[in-house]
Amino acid sequence: MSTLEIKDLHVSIETEQGTKEILKGVSLTIRTGETHAIMGPNGSGKSTLASTIAGHPRYTVTSGSITLDGENVLEMSVDERARAGVFLAMQYPVEVPGVTMTNFLRTAKTAIDGEAPALRTWTKEVKAAMDQLRIDADFAQRNVNEGFSGGEKKRVEILQLELFKPKFAVLDETDSGLDVDALKVVSEGVNRAHATGNMGTMLITHYTRILRYIKPDFVHVFVDGKIVEEGGPELADRLEEEGYDRYVVGAGQAVAPASHA
Amino acid sequence: MTAEVTTEKARIGAPSIAGFTEEGEQLVAAKVDRHHSHGVQVMSSRAERLTSHDVADFAIPNGREEEWRFTPVREIANLLSDTATDGDVLSLSVEAPDGFVKPALRAGEAPRGATLVPADRAAVVASANTEEALHVQIPAEAELQEPVRVLVKGNGAGRRSNSHYVIEAGENSRAVVILEHEGAADHNGNVEVFVREGAQLTVVSVQLWEDDAKHLAQHDAEVAKDAVYKHIAVSLGGKIVRLNSNVRFSGEGAEAELLGLYFADAGQHLEHRSFVDHNVANCKSNVLYKGALQGKGAHTVWVGDVLIQKQAEGTDSYEKNQNLVLTDGCRADSVPNLEIETGLIEGAGHASATGRFDDEHLFYLMARGIPEDVARRLVVRGFLNEIIQQIKVPALEARLTEAVERELTAGNN
Ligand SMILES: Nc1ncnc2c1ncn2[C@@H]1O[C@H](COP(=O)(O)OP(=O)(O)O)[C@@H](O)[C@H]1O
Ligand SMILES: [Mg+2]
Chain U
1 MSTLEIKDLH
11 VSIETEQGTK
21 EILKGVSLTI
31 RTGETHAIMG
41 PNGSGKSTLA
51 STIAGHPRYT
61 VTSGSITLDG
71 ENVLEMSVDE
81 RARAGVFLAM
91 QYPVEVPGVT
101 MTNFLRTAKT
111 AIDGEAPALR
121 TWTKEVKAAM
131 DQLRIDADFA
141 QRNVNEGFSG
151 GEKKRVEILQ
161 LELFKPKFAV
171 LDETDSGLDV
181 DALKVVSEGV
191 NRAHATGNMG
201 TMLITHYTRI
211 LRYIKPDFVH
221 VFVDGKIVEE
231 GGPELADRLE
241 EEGYDRYVVG
251 AGQAVAPASH
261 A
Chain V
262 MTAEVTTEKA
272 RIGAPSIAGF
282 TEEGEQLVAA
292 KVDRHHSHGV
302 QVMSSRAERL
312 TSHDVADFAI
322 PNGREEEWRF
332 TPVREIANLL
342 SDTATDGDVL
352 SLSVEAPDGF
362 VKPALRAGEA
372 PRGATLVPAD
382 RAAVVASANT
392 EEALHVQIPA
402 EAELQEPVRV
412 LVKGNGAGRR
422 SNSHYVIEAG
432 ENSRAVVILE
442 HEGAADHNGN
452 VEVFVREGAQ
462 LTVVSVQLWE
472 DDAKHLAQHD
482 AEVAKDAVYK
492 HIAVSLGGKI
502 VRLNSNVRFS
512 GEGAEAELLG
522 LYFADAGQHL
532 EHRSFVDHNV
542 ANCKSNVLYK
552 GALQGKGAHT
562 VWVGDVLIQK
572 QAEGTDSYEK
582 NQNLVLTDGC
592 RADSVPNLEI
602 ETGLIEGAGH
612 ASATGRFDDE
622 HLFYLMARGI
632 PEDVARRLVV
642 RGFLNEIIQQ
652 IKVPALEARL
662 TEAVERELTA
672 GNN
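Each protein sequence line maps, in turn, to chains U and V.
Number 41 in the numbering used here belongs to position 41 of the first sequence; there are no gaps in the numbering.
Positions in the second sequence are counted from 1; adding 261 to them yields the numbering used here.
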């Protein structure tokens with residue numbers, strides 16, 4: 001049983017206009033076996049939260065903390081975080097020149113496990129995982145994400161999730177840009193990873209669509225760098241009907257809904 | 262002329278570096294100083310370029326000439342002067358089966374000079390100042406299991422060296438010839454290659470010079486009917502390397518591949534020029550140069566000329582240059598020139614892409630647990646391996662892979 005704990009997290013970025021605060025005090029605790037949906041409008045800071053957890057150098061944590069089983073995540077380098085068990089499925093996966101998927105997957109697996117996987121079983125495991133996610137076998141010889149469509153990139157992110165077996169998965173809009181079939185395939189992948197019982201999930205999404213396939217235990221509404229409302233799966237149903245309008249006033253200005261004021 | 266234009270587009274349509282478009286400019290961050298020009302038409306036809314054995318025909322370049330405009334000519338003044346070799350500046354040894362090394366060839370002694378006619382000042386003074394040219398001849402029908410090795414060791418930076426080597430692959434022979442350059446010198450080295458009918462010859466020129474070496478070279482090959490020639494330039498060391506690899510054909514059904522790999526770090530100038538002269542019908546050529554750059558002032562140049570002459574119907578040719586910029590402050594010049602004088606060809610294409618390994622690539626790999634140094638190695642090794650694996654001499658491939666990794670580590674300090 002592991003715990004990823006985010007406490008009163010404030011994050012800013014440097015822009016041409018100066019420093020801009022994006023996360024304005026986020027607190028959230030995820031335990032093994034739990035799925036937390038983070039839902040919010042575009043620009044509310046969801047990717048900032050995800051990237052900060054993974055350690056992207058663009059984001060500066062000005063106060064607050066992130067710990068994994070008590071260990072200070074903020075002191076870890078990006079690769080250390082991944083090896084500690086944090087996995088970020090990116091909203092926009094990067095194309096990496098010159099590195100084949102096969103080589104990349106093996107290198108990453110070796111880094112995460114601290115030893116090279118047994119070649120025979122590893123090759124089989126990769127092939128099986130690719131089959132299940134309906135990723136064409138010849139992707140293995142292509143360079144990482146090179147020329148992959150948006151949907152293919154997302155499948156490849158989930159492929160890594162299944163192969164690397166992290167303690168915590170942060171899925172940043174894995175659903176966006178997927179058609180219904182792809183959404184199902186990808187959701188099944190996440191559910192398989194979850195079913196191992198060894199993973200906690202932060203599922204970031206803009207739409208409620210994916211929640212038909214992946215059942216959250218908790219839903220957090222994220223607006224303007226803060227969690228403005230929290231609840232169970234029923235909160236997602238309400239968002240589906242009402243949208244974010246009641247949390248958002250004017251140009252991105254967020255207010256707490258009346259009942260929570 | 263519509264036919265070949267269509268072919269060309271179809272073939273250059275898919276750039277093969279991830280995230281890179283065909284035109285380097287479109288994607289490299291503004292901080293990288295790069296130049297790129299590109300077109301199917303050159304100002305003056307490559308066919309009109311002067312070639313001559315007479316030193317008097319070539320003035321000392323000032324750097325504004327088309328063929329010298331990327332080169333730091335002031336730094337190679339010693340190599341451009343009509344100067345004799347400085348005594349024992351080079352230690353030369355040849356590892357080849359008995360009888361392969363023939364008596365040296367003087368100027369005018371066949372086949373010396375039949376195919377290599379100097380095309381610039383450096384080449385003309387190199388040959389003019391080489392009294393005796395090394396002559397390696399692979400007998401007809403011979404199939405070599407081991408490569409022939411020509412080891413060139415420079416014994417002092419700034420000391421002038423001239424050379425002209427003649428390599429002949431007899432009919433239907435199969436061989437690999439490796440030229441290895443190390444140590445330091447101001448080395449002006451011409452290599453003249455004959456690939457006789459049906460022969461298959463690979464020439465690998467490896468530049469593992471020390472930091473203060475300078476090396477100018479013209480490598481010319483003539484490829485006969487049904488012969489296959491592969492030239493691989495590998496430039497890792499040296500302050501300045503400028504290697505021109507040229508090929509033309511003397512019979513139909515011949516193939517030429519001009520490949521190159523270079524890794525420039527701070528202050529290094531590595532320049533490769535290739536010229537495929539499709540002067541005969543139904544021949545095939547493929548040019549691929551790949552380079553990595555890292556460190557302030559790292560400068561690479563690739564100029565790839567392909568000329569498909571009027572009579573060269575049925576030609577199939579393609580050329581590509583890819584550069585991978587690893588840090589700020591590098592400059593990769595890349596100029597493909599394709600001249601086509603007949604529409605009756607199989608294909609002709611060219612592509613050039615310069616991409617940057619940036620923080621986002623690094624973040625992606627590190628977010629998968631891969632440490633930074635491993636991530637960089639992974640990318641560069643993957644990128645350059647396409648060329649290294651073409652050598653097909655395992656011991657040399659391993660050495661070069663190691664050498665590339667040393668380059669990477671050195672750059673990180
Ligand atoms: N590089 C950047 N420069 C300027 N503003 C940025 C940058 N990255 C993100 N932002 C701003 O930060 C806010 C949050 O962005 P993001 O975390 O991507 O939101 P979300 O993922 O919820 O759509 C937005 O207002 C966005 O415009
Ligand atoms: Mg986002």
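Be a bit skeptical, because a hint or two may be false.
[To be verified] Here are the simulated SDA-like pairs of lysine to any residue, each with C-alpha atoms no more than 25 Å apart in a straight line:
#1 K153/U with V635/V
#2 K153/U with T107/U
#3 K557/V with P57/U
#4 K153/U with G643/V
#5 K414/V with T662/V
#6 K153/U with D619/V
#7 K363/V with A401/V
#8 K153/U with D620/V
#9 K165/U with E229/U
#10 K184/U with G33/U
#11 K167/U with V635/V
#12 K153/U with K363/V
#13 K153/U with P632/V
#14 K165/U with Q461/V
#15 K20/U with P632/V
#16 K165/U with V635/V
#17 K165/U with H194/U
#18 K153/U with R307/V
#19 K653/V with R642/V
#20 K167/U with E633/V
#21 K7/U with G43/U
#22 K165/U with K557/V
#23 K653/V with Q461/V
No wet-lab data here; the hints were simulated from the structure.
These are the hints, each one checked on the structure:
1. K153/U with V635/V: Between K153/U and V635/V the Cα gap is close to 23 Å, so the pair holds against 25 Å.
2. K153/U with T107/U: holds (19 Å)
3. K557/V with P57/U: holds (23 Å)
4. K153/U with G643/V: holds (20 Å)
5. K414/V with T662/V: Holds: K414/V and T662/V sit about 21 Å apart, inside 25 Å.
6. K153/U with D619/V: Holds. K153/U to D619/V sits at ~19 Å (cutoff 25 Å).
7. K363/V with A401/V: holds (14 Å)
8. K153/U with D620/V: It holds: about 19 Å lies between the C-alpha atoms, which stays within 25 Å.
9. K165/U with E229/U: Status violated; Cα separation ~30 Å.
10. K184/U with G33/U: holds (21 Å)
11. K167/U with V635/V: At roughly 23 Å apart (the allowed maximum being 25 Å), V635/V and K167/U satisfy the hint.
12. K153/U with K363/V: violated (59 Å)
13. K153/U with P632/V: Given pair K153/U, P632/V holds - Cα atoms ~22 Å apart, limit 25 Å.
14. K165/U with Q461/V: violated (50 Å)
15. K20/U with P632/V: violated (30 Å)
16. K165/U with V635/V: Holds, at roughly 21 Å.
17. K165/U with H194/U: It holds: about 10 Å lies between the C-alpha atoms, which stays within 25 Å.
18. K153/U with R307/V: Distance ~44 Å between K153/U and R307/V Cα, so the pair is violated.
19. K653/V with R642/V: holds (16 Å)
20. K167/U with E633/V: Distance of about 22 Å is within 25 Å: holds.
21. K7/U with G43/U: holds (21 Å)
22. K165/U with K557/V: violated (41 Å)
23. K653/V with Q461/V: holds (13 Å)
In terms of the numbered hints stated before, the structure departs from hints 9, 12, 14, 15, 18, 22, listed from lowest to highest.
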